[in-house]
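One line per chain: the protein sequences are A and B, in this order. My numbering puts the first residue of the first sequence at 1, with every later residue one more than the last. My numbering puts the first residue of the second sequence at 1, with every later residue one more than the last.
If you're looking for bench data, these hints aren't it; they were derived computationally from the structure. Wrong hints could be hidden among the right ones.
Stated by the list, open to error - With a cut-off of at most 30 angstroms between alpha-carbon atoms, the simulated DSBU-like pairs for lysine-lysine come out as follows:
| # | chain 1 | residue 1 | chain 2 | residue 2 |
| --- | --- | --- | --- | --- |
| 1 | A | K414 | B | K21 |
| 2 | A | K134 | B | K21 |
| 3 | B | K21 | A | K124 |
| 4 | A | K359 | A | K124 |
| 5 | A | K345 | A | K124 |
| 6 | A | K83 | B | K21 |
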Amino acid sequence: MVNRIGRRTLAAGLAAGAAFGGSARAQGRSEITFWTWRQEDRAAYTELFAEFMKANPGITVKFEAFAVEQYATILSTALAAGKGGDVIHTRAYGGLEQFARAGYLLPLDNNNVPELANLPDDAKASLTLRSDGKVYSYAFASQTLGLFVNNAVFRQHGVQPPTTWAELIEVSKALKAKNVVPIANGMATAWMCEVFTSVFTNPLLGPGFVDEILAGRATFSDPRYVAALGRLLELREFLPPGFTGIDYPTAQQLFLSGRAAMFAGGSFEIANFRKQNPRIDMSFIAPPAPAAGAPRLVSKFYDGGYAVNAKSTNQADALKLVRFMGTKAFGDRFSALLGNISPIKGVTITDPLLAEVAKLNETSAPYIMAVHFRFESPTGSELLQSGIQRMMAGSMTPAEVGASITQGIARYFKPFQK
Amino acid sequence: MSLFVAWPLLSALRYAFYSFKGLAPDAFVGLANFHDVLFTEPFASWTWRALKHNVIVFLSLMVVQNGLAYLIAFALLKALPGHRVHQVIVFLPVVLSAVIVGFLWKLFLHPMFGMVNAALALVGLPGRPWLGDEATALGSLIFTNAWHWVGFPALIFLAGMQRIQRETLEAARIDGANDRVLLTRIIWPLVAPATTIIFTLTFIGSFNWFELPYVMTGLNGSPGGATDVLGLYFYRTAFGNTTSGLQDFGRGSALAVLMFAFIATTCAIALRYLRRREIQL
């Protein structure tokens, strides 16, 4: 009797599930999952995926986000077990290689994703496995490192955003005299030290320096690099009090609240800054040049991409989603909704601040450690971040930092092994 | 049960002899991973630096945290007015998670807005970036850990002291023993089993230290590695650091095996000595 009731209840439940919704599979639709570390983008992706599902009524996309700190661990564990999302948000450069090299991702080419043609070469290169030359992920955003300026603070104190190093020092002195912290950055958060360094040293190093490093004609012990690091020491007096203990969130809040006038950071901050202070009047400018007329190079890199799980049982649908995310229409919507620059050629950027950033990208140099030296251990970033923290605290000299980076990288970078 | 415990340990041991492609073992590399973490620069410097910090943490906690705990336990043993309230207060931080304690003290020690610098300013002393200064960062973490955990060894010592026959203590008092003599000559030998437990737990805790430095100074052991310990170093080697490093399960496993061997061996030797000491005393 009990069994009969149980069976009837189960049958009724299944019928109700089929009739009033239930899973995509129950409705005869294919369900693909999208894995990401960007929990904060859930609303935007929900909107973007709704457009995809409208165009592909047989497919449902499920957004699954994981904590950024654990994402790589969770993802590699899942992929090693033959699981994980069907479409996966990946990092670029070395962060991609560790997954692609293991065979966890499906190679993308002009046959399965013709939209690869919509990407510029450097975007494709950022998501290419160096050993086989194949692309494994579709670039989603480029990021630019430069200087945020709080326009209201500058206006209030009658100063202009700096265009040269001399002006930066002059403006910083004027702001400090008026009890404003000139530059919000601190040194407690290691990766922000690398951002800070790249923002201010790239214009000092000039456009050809990265190529010289890659060709082995210069090392990080080069007098130009050491001198550029040395110039950072001039900025210590313009950072917040106790800057060695000021972390990333504090620096953000100092800038957003107007207690600090400038913030060396990335274009990835724009959406977040606006969310936290919708009334903020800010600009994003290129860092100061060593002298008037010299190029003011911003630092540029690609954030990551969309990859297809090599073990996905819904590979055809997953590829459809990646192809959708490779269209100009998607790029336009992506930039508008997420405040990031889509690398897709011809994308229309309607946001004036983001358009400024896109314009600055025309005069850029690579964010060198992320782009070229995050493929093997010790990474250039590990060595630089730790060295800068110590240099700014006064326990290492710029020459020692340069030598430590050169020696560390020489372990695997042949041009430095001479 | 043995399989449940032994399998992960044996797996880590096996992985330590392989290079990795993602999470999958790739090629057998013999002792190369061990050689890297012990003798190849800069990994070797990072390993020895982290180990040195763990040793400093252990010794400091033994002296500061457990020394204070011993005195607190004695004060509580004396059952002065209000001792029950104090017992609760001393133990209260122990129930908080390390994450909460870490965030709380990170705020207290903040160079611009922290309570500690504000209090120093009130008495005319200069503040400092406690967690951003290589000279004070590790000490600040050790202090925070001691604040968090002091109640636990205090309770263990108190339990040990309460097992001492009251007549023994009264006889010592009648013979003219003051508090210092009681603490060093009478009580100390009689709480030897409690000391063994506290030593063992502090040793294991110090060499597996992770949550507090992770929350307060980050995965890199900022500033410039001044708070780097084996737990952080192992984690970022094996699982990577999104903003700077890569995953390397082979080298991470080698570190894990070395940490396990070091902790297990030292603990076994120390326990043997401490047990013998208990019998002698």
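Hint check:
no.: 1; hint: K414(A) - K21(B); verdict: holds (22 angstroms)
no.: 2; hint: K134(A) - K21(B); verdict: holds (17 angstroms)
no.: 3; hint: K21(B) - K124(A); verdict: holds (22 angstroms)
no.: 4; hint: K359(A) - K124(A); verdict: holds (20 angstroms)
no.: 5; hint: K345(A) - K124(A); verdict: holds (12 angstroms)
no.: 6; hint: K83(A) - K21(B); verdict: holds (17 angstroms)
When the structure is compared with the earlier hints, no violation turns up for any of them.
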